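Take the sequences, apply the hints, and build the full model.
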Amino acid sequence: MKMIKTITSTALLLCATSLAQATVVIQSYASNTGFDFDYGTWPGQLTLSTTGIEIAGTATNSGGGGNNLSPLDLTGESTLEITAQILPGNASSNFNVILFTTPGTTPGVSSGYQFSFADFNGASFTNVGLSLASPTFNGANGPADLSNITQIQIQGTFADTNAFALKVQSVQAVPEPANIALVLGTSFLGFVIFRRRILQR
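Those letters in the sequence shown? Residues -22 to -1, 1 to 179, by mature numbering (1 follows the signal peptide of the UniProt record, and there is no 0).
If you are wondering where the hints come from, they were derived from the structure by calculation, not from laboratory data. Treat the hints loosely; a few may be bogus.
Computed Cβ-Cβ distance ranges for the label pairs, DEER-style [said to hold, decoys possible]:
#1 Gly86 <-> Ser109: 17 to 23 angstroms
#2 Ser48 <-> Asn116: 22 to 28 angstroms
#3 Ala111 <-> Asn72: 17 to 23 angstroms
#4 Phe115 <-> Thr28: 32 to 38 angstroms
#5 Asn126 <-> Pro66: 36 to 42 angstroms
#6 Thr139 <-> Gly107: 16 to 22 angstroms
#7 Val3 <-> Thr80: 37 to 43 angstroms
#8 Ser125 <-> Pro66: 36 to 42 angstroms
#9 Ala69 <-> Phe115: 19 to 25 angstroms
#10 Pro49 <-> Ser9: 20 to 26 angstroms
#11 Thr84 <-> Thr29: 18 to 24 angstroms
#12 Ser48 <-> Asp138: 18 to 24 angstroms
#13 Pro49 <-> Ala137: 27 to 33 angstroms
#14 Leu26 <-> Phe136: 32 to 38 angstroms
Note that the structure is predicted; figures quoted are calculated from it, not measured. Just so it is clear, CB atoms sit at the ideal spot from N, CA and C, and this is done for glycine as well.
Encoded structure:
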C-alpha cells in the first residue's frame, strides 16, 4: 500500500510538471525585473515592483523596451499571451509585443503582435492572447523563427505621442487547451497502466 501511495504521488507530480512545462514564460517582470534596454520616450519613466513593470510618467506611444533571452523554442505553443493592467492617464490605443530571432545578426527578422488597450482594464491584471501563427506584422527580413526566439520587445505603435500608461507582469506562450488535456491524459493513462502492473504482481 505504501508503494502504491508513493507511485500515486509521483504520478500526480509528473502530471503537474507536464502541465507547468506546457506554458513557456518568455519574460516575467515581477520581482523588480525590468528591461535590458529602453528607447524613445520610455527611459526614466519605468517603475519596477514585485508585481510588474510600470510604464508611465511622461512615456508616450513613441517608445519601447526589451529583453535579450536565452534561445526559446515556441513551436509547440499556439498563443502569445501578455498579463497587463492599464494605468491612470493612458491615452494610447494599441501597443506591440515583438519577438526577434538573433536581432544582432539578422536585423529585421521578427514577428510583431499588436494588442489593444481596450482588452485590458485598470482594476486588475488581465490575460490577453493573440495567435502566434498570425503576427500583425513581420520584420523587414521576414518573420521570426519560433524555434529560436532570442529577444522580446514591448513598444508603442509610434503612430503618435499620446500618453502611454501600462503595467506589465509577464509575457508567455501558451498551448491550445486541447494540448494541455492531452498531456494530462497521457500522463494519467501511463500511471493507470503502471499501477495495474504493480497490483498484478
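Status of each hint after checking the structure:
no., hint, verdict
1, Gly86 <-> Ser109: 17 to 23 angstroms, "holds, 22 angstroms"
2, Ser48 <-> Asn116: 22 to 28 angstroms, "holds, 23 angstroms"
3, Ala111 <-> Asn72: 17 to 23 angstroms, "holds, 20 angstroms"
4, Phe115 <-> Thr28: 32 to 38 angstroms, "holds, 33 angstroms"
5, Asn126 <-> Pro66: 36 to 42 angstroms, "holds, 39 angstroms"
6, Thr139 <-> Gly107: 16 to 22 angstroms, "violated, 28 angstroms"
7, Val3 <-> Thr80: 37 to 43 angstroms, "violated, 21 angstroms"
8, Ser125 <-> Pro66: 36 to 42 angstroms, "holds, 40 angstroms"
9, Ala69 <-> Phe115: 19 to 25 angstroms, "holds, 23 angstroms"
10, Pro49 <-> Ser9: 20 to 26 angstroms, "holds, 23 angstroms"
11, Thr84 <-> Thr29: 18 to 24 angstroms, "violated, 35 angstroms"
12, Ser48 <-> Asp138: 18 to 24 angstroms, "violated, 35 angstroms"
13, Pro49 <-> Ala137: 27 to 33 angstroms, "holds, 32 angstroms"
14, Leu26 <-> Phe136: 32 to 38 angstroms, "violated, 24 angstroms"
Checked against the numbered hints given earlier, the structure breaks hints 6, 7, 11, 12, 14 and satisfies all the rest.
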